[in-house]
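**Student:** Same order as they appear, the protein sequences are chains V and R. In terms of UniProt numbering, the first sequence opens at residue 1 and continues consecutively. In terms of UniProt numbering, the second sequence opens at residue 1 and continues consecutively.
By construction, these hints were calculated from the structure, which means they are not laboratory data. Treat the hints with caution; some may be incorrect.
What the hints assert, rightly or not - Ranges between beta-carbon positions, derived for each pair:
#	chain 1	residue 1	chain 2	residue 2	range
1	V	ALA127	R	THR61	56 to 64 angstroms
2	V	PRO257	R	ASN19	41 to 49 angstroms
3	R	ASP90	V	GLU309	53 to 61 angstroms
4	R	ALA10	V	SER6	32 to 40 angstroms
Stated by the list, open to error - Derived, one-sided and incomplete: chain V residues facing chain R with beta-carbon distance under 7 angstroms:
#	residue
5	PHE140
6	GLY145
7	GLY146
8	GLY153
9	LEU199
10	PRO203
11	ILE204
As the list claims (entries may be wrong) - Which chain V residues face chain R? A few, computed with CB under 7 angstroms, are given here:
#	residue
12	MET27
13	MET129
14	ALA131
15	PRO143
16	SER147
17	MET154
18	GLN157
19	ARG158
20	TYR163
21	ALA205
22	THR260
23	GLU261
If you're wondering where the values come from, they're calculated on a predicted model, not measured in any experiment. Glycine included, each C-beta is placed from N, C-alpha and C at the ideal position.
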Amino acid sequence: MKSPASLRNKVAIVGVGESDIGRVPHMTGLGLNAQAAKRALNDAGLKISDIDGLLTAYSFTEPYFMLGSVMCEYLGLKPRYNASMVVGGASPAVMLKHAAEAIASGQAETILVCAGENRATGQTRDAAMAALLAVGHPYFEQPYGGSIPGYYGMIAQRHMHVYGTTREQMATLAVQTREHALLHPNAHMKTPLTVEQVLSAKPIADPLGMLDCCLLSDAGGAFIVTSAERARDLKSKPIYLQGIGEYHTHEHLMCAPSLTEFGATESGRVAYEMAGLGPKDMDFAELYDCFSIVPMIELEELGFCGRGESGPFVAEGNTRIGGKLPINTHGGMLSHAHAGAAGGLFGIVEAVRQLRGGLGARQVEGAEVALVHNEGGILSSHCTLILANNKG
Amino acid sequence: MSQSLPLPVANADSLPYWNAARERRLVIRKCKECGELHFMPRHLCPACWSDQLEWVDVKGTGTVHSFSVIRRASDPAFAHLVPYVTALIDLDEGPRMMTNVLGDDALSVRIGDRVTLTFEDRGDGALLPQFVRASAEGRA
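Isolated chain R (complex conformation) (with noise of 0.2 angstroms):
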């Protein structure tokens, strides 16, 4: 894709996230007091408030919660890319995350699909997590 798309922002919470993906690693947060993984990065735990938390690697596969096939772009730098596709993604180790489905056959996604992680250059080295639908591994 472009690389007039946006880059990645990394900041605390998320800067070990960024770097991971740099390494086209999908890493999540797992509480070591209450074992709760949770996405997005946070300085405490959701569910019990500990900040004992440690960085943790995904399989990189899940299923399609739901989507949305956008039309009309809301940002311009998305703009010559619709029809595109938006989903959430539960992934096999619970969180919830929203990516793109990339892929030739992204527009034929449903819900339930299997997905599996790729990424997404855009640009400057930053690398973004991003899922294809199983059948169309690699092609993203």
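Bound-form chain V, shown alone (with noise of 0.2 angstroms):
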């Protein structure tokens, strides 16, 4: 297969914002997006005239058919390059892919990139849940009576079954994410949890309970992207992107070619390869968490542990902030937020700050080179980057 082009050392991520988290009813969800995108242009020391392209995902809870434009509209932007990208979880790497490329081949200079949904108070619980249904089959899948808990429950019980794989290593990775959340000053939890109290959740999809389910927050974040050159001259410290790989197999679990092998290994060989940089290279990862055993799968497939591994490995504390490999080093969707498309953006969020430094009790001493993965569907399309302080 032809490898893609280089996109290393291209683009720099110079800004990032995340909105007010959690249940947020005086804002909607363009107002997250927004709020998000005013403090990732801040952050950056950039003006408004200086953004000309916007990328943005998908909303659930609001009524809008063509975002982008929409969100162009919103924020008062006549931006030159324009789009909503639906890749599920995938779509903030993925959008940081396509931001890339059109700054490499000149389509624009500075991208906008914000996700965010209004998902804790702009519906009822039972209405997001109905409306997130549509990930099912309409008709192969969903006449059964599907859930998306029950789509990754499937696949829990398979890793379970296979690896030997126990609910407690799958609790302990929700406990010490939200470890991590209770040094975030934005996370969504602000109180400890106990692997017992995790054990003990109300059950919602075998082998799942509802604290191994992700969140559903009033959340918007937002990054901003630029070239190296130009990147240098900017308020904050630029971090350059590295490595950038895709990867789908499938969108409808039924259709997934395996239970226990999915695209994150491909996305993550492509980025590591463009890179020139592999597992053993990264300071810290940020892996997609909407349930707790996707990040155990994800340690495996990015290389960070051997395949059945990632129980041991994260039940020995690797993945703690100080252990080997810190993981969701701001909260996860576990524990930070989740909202649509920002539940992954914000995994690029929190390696930039990491990279930056200075976190305080949160901070990964010494933190050069990350990892972060997003991942959409039932673990059907990936996007794995790499991000570093210095060019590499």
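Two chains, two frames, some hints: make the complex.
**Tutor:** Spelled out as structure tokens, the structure:
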């Protein structure tokens, strides 16, 4: 297969922002996007007129069709580059890839990427769950009463069956993630969590309980990408894109080639190859964690531990801040926030902040290179990126 | 089960599938060019893109690849059924499909269990392909 043109060192993220998070009933989904965008712009020290491209994802909570154009209108932007991308949770990383390609080819110079929804207060919990049903196949899965936790539950069940992974190991991951969220001033969840609480939480879809499942938050996130040349003169320390790869294998779980091996291995391989780096070079990782089993599978797929070894790897504490490979240092989608495509976008925001340094107790010591992974659908669409605080 | 559960929706790809189900037959697509069997029905063979496809009957036996017991239904139409089982079934012919595991012992289902085909009446003559554990045959 032909290798993609390298995007290594071509662009940098120069601004990041997140909205108020949690239950924010006085703001709309668009408002949350706008607040995050303004904070990212201020973070970069840029003016509105510097933005000549906008990429955004989708919204389940608000009735807009052309979300990219709607955001331009709402923000008063008239960009020469604009699109909305729908590859589920993989959208933020895929949008970064498109932004990098557009900048590298001269289609735009400075692109704002934003996503978010008012999923906690913009609709009822039942309406949110019902809207998300659309992820199941309308004719061959939905008539059987499937649910997103149920689909991921089948993946977890298979992992437990094949590799002996335990519910306690999955619960440990959720607990570690919560510990990280407690170090983040803007995280949705603010109370400590025990393994016992995760195991005894309300059952949702075996083997997953309520605390194995991601949050429904009101939240928006944004980042600004520009050329590596332009980035040098801006206010914040630029964080360079070293490698990025995507891979797509299915949409509906019934058509997944495997329940234990997914597309992250291939998206990661391309990202590592572009960066000229491997898993051992990563100082930390921000892994998509819509359910507790998901980052564990990604640890295996991306080469941080052997196939089937994620349970012990997590239980031994390797993935805590201070461990061998801290993951989801902001609290992830399990404890920081999840709101549409913003969930995975916050992994990018957190990686940038860690690589800039100075996060106090949350700081991964000596962080220079990070991996971020986004997945969408039911582990259907994958995008892996490698970021660094200097040109590699 | 209740007739308030969703009725199957047929389209141009799947009308023969749902018509066969009304006759208590489960049919899948087979490629006449490369021989590949696939689920769900499509216009082209996903392996070789031939449009020369035929419908073949399956034996109606399979194995549970994985499952989840749904304790909180996302679709309100299923709320009265919790807990119920959704499963991925590997048909003996090869393709994988998602169904429920029905029957009195459905909640005891395990990966690797043998299952057999049954049909669930969804009303208006519509029958939905379903499976029961082989030991519980006929108790759907």
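**Student:** All hints are to be evaluated individually against the structure, with a verdict given for each.
**Tutor:** Evaluated hints:
1. Restraint check, ALA127(V) to THR61(R): a C-beta distance of roughly 40 angstroms breaks the suggested window 56 to 64 angstroms.
2. The hint said 41 to 49 angstroms for the Cβ distance between PRO257(V) and ASN19(R), and at roughly 30 angstroms that hint is violated.
3. For ASP90(R) and GLU309(V), the Cβ-Cβ distance of about 26 angstroms falls outside the hinted range of 53 to 61 angstroms, so the restraint is violated.
4. Separation of ALA10(R) from SER6(V) is about 48 angstroms and departs from the stated range, judged on CB atoms against 32 to 40 angstroms.
5. Given the 7 angstroms rule on beta carbons, the hint for PHE140(V) holds: about 5 angstroms separates it from the nearest Cβ of chain R.
6. With its C-beta approaching chain R no nearer than about 4 angstroms, GLY145(V) sits inside the 7 angstroms limit, and its interface hint holds.
7. For the restraint placing GLY146(V) at the interface with chain R, the shortest Cβ-Cβ distance is roughly 5 angstroms, inside the 7 angstroms limit, so the hint holds.
8. Hint status for GLY153(V): holds, given a least beta-carbon distance of 3 angstroms to chain R, under 7 angstroms.
9. At about 14 angstroms, the closest approach between the beta carbon of LEU199(V) and any beta carbon in chain R exceeds 7 angstroms, and the interface hint on this residue is violated.
10. Because the smallest distance between the Cβ of PRO203(V) and any Cβ of chain R comes to about 4 angstroms, under 7 angstroms, the interface hint for this residue holds.
11. At a threshold of 7 angstroms, the smallest CB-CB gap from ILE204(V) to chain R is about 5 angstroms, leaving the interface hint in force.
12. Nearest Cβ of chain R to the Cβ of MET27(V): about 26 angstroms, over the 7 angstroms cut. The hint is violated.
13. Of the supplied interface hints, the one on MET129(V) holds, with its beta-carbon coming within about 4 angstroms of a beta-carbon of chain R, less than 7 angstroms.
14. The interface hint given for ALA131(V) is broken, as the beta carbon of that residue sits about 9 angstroms from the closest beta carbon of chain R, more than 7 angstroms.
15. A distance limit of 7 angstroms between C-beta atoms decides the matter here; for PRO143(V) the minimum to chain R is near 5 angstroms, and the interface restraint holds.
16. The criterion of a C-beta within 7 angstroms of any C-beta in chain R is met by SER147(V), whose closest approach is roughly 4 angstroms, and the hint holds.
17. Because the smallest distance between the Cβ of MET154(V) and any Cβ of chain R comes to about 4 angstroms, under 7 angstroms, the interface hint for this residue holds.
18. Of the supplied interface hints, the one on GLN157(V) holds, with its beta-carbon coming within about 5 angstroms of a beta-carbon of chain R, less than 7 angstroms.
19. The beta carbon of ARG158(V) is positioned within 7 angstroms of a beta carbon in chain R (closest approach about 4 angstroms), and the interface hint is therefore held.
20. Interface hint at TYR163(V): violated, since its Cβ lies 12 angstroms from the closest Cβ of chain R, which is beyond the 7 angstroms cut-off.
21. Interface restraint check for ALA205(V): the shortest CB-CB distance to chain R comes to about 5 angstroms, inside 7 angstroms, so the restraint holds.
22. The restraint placing THR260(V) at the interface with chain R is violated, with a minimum CB-CB distance near 10 angstroms, outside the 7 angstroms limit.
23. At a threshold of 7 angstroms, the smallest CB-CB gap from GLU261(V) to chain R is about 14 angstroms, leaving the interface hint violated.
Hint violations for this structure: numbers 1, 2, 3, 4, 9, 12, 14, 20, 22, 23, all remaining hints satisfied.
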